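> Given the sequences, and given the hints that come with them, work out the whole structure.
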Amino acid sequence: MALLLELDNVSVHYQKIAAVRGITIGVGEGEIVTLIGANGAGKTTTLRAISGLERPSAGEIRLRGQRINGMAPERIAELGIAHVPEGRRVFPYMTVRENLEMGAFLRKSGTELRNDYEDVFTRFPRLKEREKQLAGTLSGGEQQMLAMGRALMSKPKVILMDEPSLGLSPIMCREIARIIRRLHEEGRTIVLVEQNARLALALAQKAYVMETGRIALEGPAAELRENDEVQRTYLGITTAS
Amino acid sequence: MDSATLIQTLLNSVVASSIYALVAVGLALAFGVMKMANFAHGEFFMVGAYCVYVLYGLLGLPFPLAVVLAVPIVALLGLLTERFIFRPTRRNVLAGFMATAGLAFVLQVAAGRIWGVGIAKGVPTPYAGTAEIGDANLGWQRLIIIPCAFAMLLALRYFLYRTKFGKALRACAQDPEIAALQGIRINRMTALAMALAGASAGLAGALMAPILPVTPYIGHGVVLIAFIVVIVGGMASIEGAIIAAVLLGFIHTFVTTLADNLIATMVGVVFMAVTLILRPKGIMGRERA
Ligand SMILES: Nc1ncnc2c1ncn2[C@@H]1O[C@H](COP(=O)(O)OP(=O)(O)OP(=O)(O)O)[C@@H](O)[C@H]1O
Ligand SMILES: [Mg+2]
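Order-wise, the sequence lines are chains D and H. For what it's worth, the working numbering labels the leading residue of the first sequence as 33, then goes sequentially. For what it's worth, the working numbering labels the leading residue of the second sequence as 826, then goes sequentially.
Among these hints, one or two may not hold up.
Stated by the list, open to error - Within a straight-line C-alpha distance of at most 30 Å, the following computed DSS-like cross-link-like pairs (lysine-lysine) qualify:
#1 H:Lys860 - D:Lys164
#2 D:Lys189 - H:Lys989
#3 H:Lys1106 - D:Lys164
#4 D:Lys140 - D:Lys160
#5 D:Lys164 - D:Lys187
What the hints assert, rightly or not - Sample of chain D residues lacking proximity to chain H, with all beta carbon distances greater than 12 Å (derived):
#6 Thr56
#7 Gly91
#8 Arg230
Think of the hints as simulated: they come from the structure by calculation, not from any bench. Nothing here was measured: the structure is a model prediction, and the numbers come from that model. Glycine included, each C-beta is placed from N, C-alpha and C at the ideal position.
Structure below.
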């Protein structure tokens, strides 16, 4: 499968501290690739490097073979990478509708764009009901949907999602999982960062386990689910031996 | 206070509120997007006043044309301030403070060098007549400020809430990093915010030129009140700034009429202190644009 997004030996430093140390990741077209790992492993930093919010100190990031590291975030957005950030980060004093409009900032208005608003509203009917409500007053789950909807409005080639299940009720987590699965069925490419390894490994085809800035394990998600180490550390399963 | 004085003072309060709102809105907008206070904002007002002095007072252009020309001229000054002062010092609050305070000084000295200091330059009054409202007489020169300020504020509101770039500007004020992820260019938006700040402060200065003695230091008093207004209103809040401008406009005008200008300024500061004790983040208490 041709790789849509590649990270080649990427390192990211915050001043002198290395948060990501030479990681190599490949994301194929139409795949869900997940990055799991403990707090502070460098997952968010990795996504921020892909979307241009951090500059890698070494290595290369390529989208369809084109080097994108060093580009400004707005330029990378233009090339088709959408980022659903950690903590949702909707624009709190803008309405639901305006938040979606910001997602579509780079697009020309027209029938296609109007259809995409309709698409987001059928995907997330709750957002339709709250179209005029200020985003800051939405519940956590609704804000997550809005952050996803905002990303979809840019018509992205790759969607980066940083802990979409964080702080949500089990029911809402299942809802988010259902939405991600549906996006996959439509052929979208997703990089999913999760603390909830069980959820992530159930959704993804390929998985990377990060430990203190490095890739400790990688492989098909189905295989990692069966891995003893992963079961013990991330799935909380103690294998009788 | 007899009824004539009361009506007169009320109308003067509306005029003062209009000017405060024009000046403060730009300050709040720029602060919202850049999180930096522009200490040269009062000088935008001053340059607006000098535009009218030069174009209308010296060159003899019609007054309305001089006012209309002052707006883009000061907007351009705002744009240049963003490009050459705020942008290079974005990462360093202290450097930004020094640089804008320095710019204020430079603009004052420049105006003084070119047109002289000290002498209060009178701009001839273009609309000398007065309107009789009840028993009160109010100069047309002051009254025209009210619709002009309203038009500007409504246009600004329309821009911020109804147009794509206005919304993008608000998005930048609320979360610049996330705005960048949507493809919005932060530098363009800060430049836009500063142009709008210049335009509104410049308009206020231009409208006040025939009323106030035009000097290089005319911005001082205005910017002091504008800062109080913006702090009371909640720093980055446009609506907060307008509400606070109206409150301060009335307080300042009434106290000036009953006592004097110095006491009015003191009362304004006390009002700010009390507001901040009751609502530490200002009336609107949030960073929004
Ligand atoms: N802005 C920053 N400045 C300095 N260090 C940072 C910064 N952001 C993150 N770090 C450090 O980089 C490391 C990786 O952080 P990162 O946020 O990428 O982890 P994470 O895997 O997303 O963790 P979590 O699961 O808690 O979200 C951590 O040690 C963190 O303290
Ligand atoms: Mg994280």
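> Please go over all the hints and tell whether each is borne out by the structure.
Each hint tested on the structure:
1. Between Lys860 of chain H and Lys164 of chain D the CA atoms are separated by roughly 27 Å; this keeps the pair inside 30 Å, and the hint holds.
2. Pair hint Lys189 of chain D plus Lys989 of chain H holds up; C-alpha atoms about 23 Å apart against a cutoff of 30 Å.
3. A hinted pair counts as satisfied when its Cα atoms are at most 30 Å apart, and Lys1106 of chain H with Lys164 of chain D qualifies at roughly 26 Å.
4. Restraint check for Lys140 of chain D and Lys160 of chain D: satisfied, since their Cα atoms lie roughly 22 Å apart, inside the 30 Å limit.
5. For the hint linking Lys164 of chain D to Lys187 of chain D, the alpha-carbon distance of about 23 Å falls within 30 Å, and the restraint holds.
6. At roughly 24 Å from the closest C-beta of chain H, the C-beta of Thr56 of chain D stays outside 12 Å, upholding its exclusion from the interface.
7. Once the 12 Å rule is applied to beta carbons, Gly91 of chain D is consistent with being away from chain H; the minimum gap is 21 Å.
8. At roughly 28 Å, the least C-beta separation between Arg230 of chain D and chain H is larger than 12 Å, which holds for a residue marked as non-interface.
Of the numbered hints stated above, none is contradicted by the structure.
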